[in-house]
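Trainee: Letter by letter, the chains look like this.
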Amino acid sequence: MINQSRNGEEARALLDHVESVQRQTRAALGGFWFPLVLFGALGLASVPAYFIGDGAVVAAFWAVAGVGGGVATGWYYHGRQQRLGVSQAALPYVIVAGVLFVAAFVLPALTTGRLQEVVSSFAVAAAYLVFAIFERSRVVAALAVVIAGGAVLSLASGLDHPGAVTAAVTGLSTLGVGMVARRSSA
Amino acid sequence: MAAPEHPACRLDDVVHQRVRLGILAVLGQADQADFTYLRRSLALTDGNLSRHLGVLEQSGYVEITKTFEGRKPRTWVRATREGRAALAAEVAALRELIGFYEEVT
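Protein chains in written order, with my numbering: chain A, 20 to 205; chain B, 20 to 124.
Hints in this document: simulated from the structure, not taken from any laboratory. Any given hint could turn out to be false.
With beta-carbon atoms standing in for the labels, derived distance ranges [said to hold, decoys possible]: (1) A/LEU134 - B/ILE83: 51 to 57 angstroms; (2) B/ALA107 - A/ALA64: 41 to 47 angstroms; (3) B/GLU24 - A/GLY195: 48 to 54 angstroms; (4) B/ILE83 - A/VAL83: 38 to 44 angstroms; (5) A/ALA128 - B/GLU24: 56 to 62 angstroms; (6) A/SER39 - B/THR84: 24 to 30 angstroms; (7) B/GLU121 - A/VAL86: 22 to 28 angstroms; (8) A/ARG99 - B/ARG29: 14 to 20 angstroms.
On a predicted model such as this, the values are computed, not experimentally measured, just so you know. By construction, the Cβ of each residue, glycine as well, lies at the ideal position given by its N, Cα and C atoms.
Take these sequences, add in the hints, and give me the full structure.
Mentor: Shown next, in the form of structure tokens:
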């Protein structure tokens, strides 16, 4: 009986050790505050573009900001990997970001009217949901829900420029979550 | 009728060791980690870590790559597909073992 209980305790201790090391590694890898702060700020900066001309200005803004933000995020993660000595696989993130980038340009071309202004936000929300699964982050999942909810509300509200409202909600919430994530990872 | 296999039979001798399990647990979460990160996060000495990495490498559970950054050497370690599978199997066997002893006692 003593031997059995010891074997069970040993197995429990090893499993606890594995889970503790996994938690510690995930915490070390959790640098996702940077893309959130960056794209949150870019989202806010995009708001005036919705008041200028048609959707072409918004598209031009995100063509430059999306590529620039992606390069800056890659540079940040590379530097972090070199500094910490641990990295996570970049390919799944690059694929999701690439799909989002394409969807953000294709979806408005397939829609019309008020939906055309906010449809990209649904693609952003879907991408954040996938990132939340990758990062095992409930906060990022909640952010996806807030972004999708903001898009639905701005559509239903009948306000002028629903795209500007959605961009403001997306930018503010993403920036806020990024800043909280930065504080908790410091 | 044969008696059911004891869950301890499914434990892998290479992985069923605290340090090696810790190394695979880090590499199971990360794409790769360097020697210094593994040494620090698992609170090991250089020699101890090298010895256990050697065992894991020989079993095909990790790949070790040595690079130079400027003049400074750096050793990166990555879990192979077999290493990730071995970690998953070990965790499953440990869970089963815990359940087995909880039933018995």
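Trainee: For a quick check of understanding: which of the numbered hints are violated here, in increasing order?
Mentor: 7 and 8
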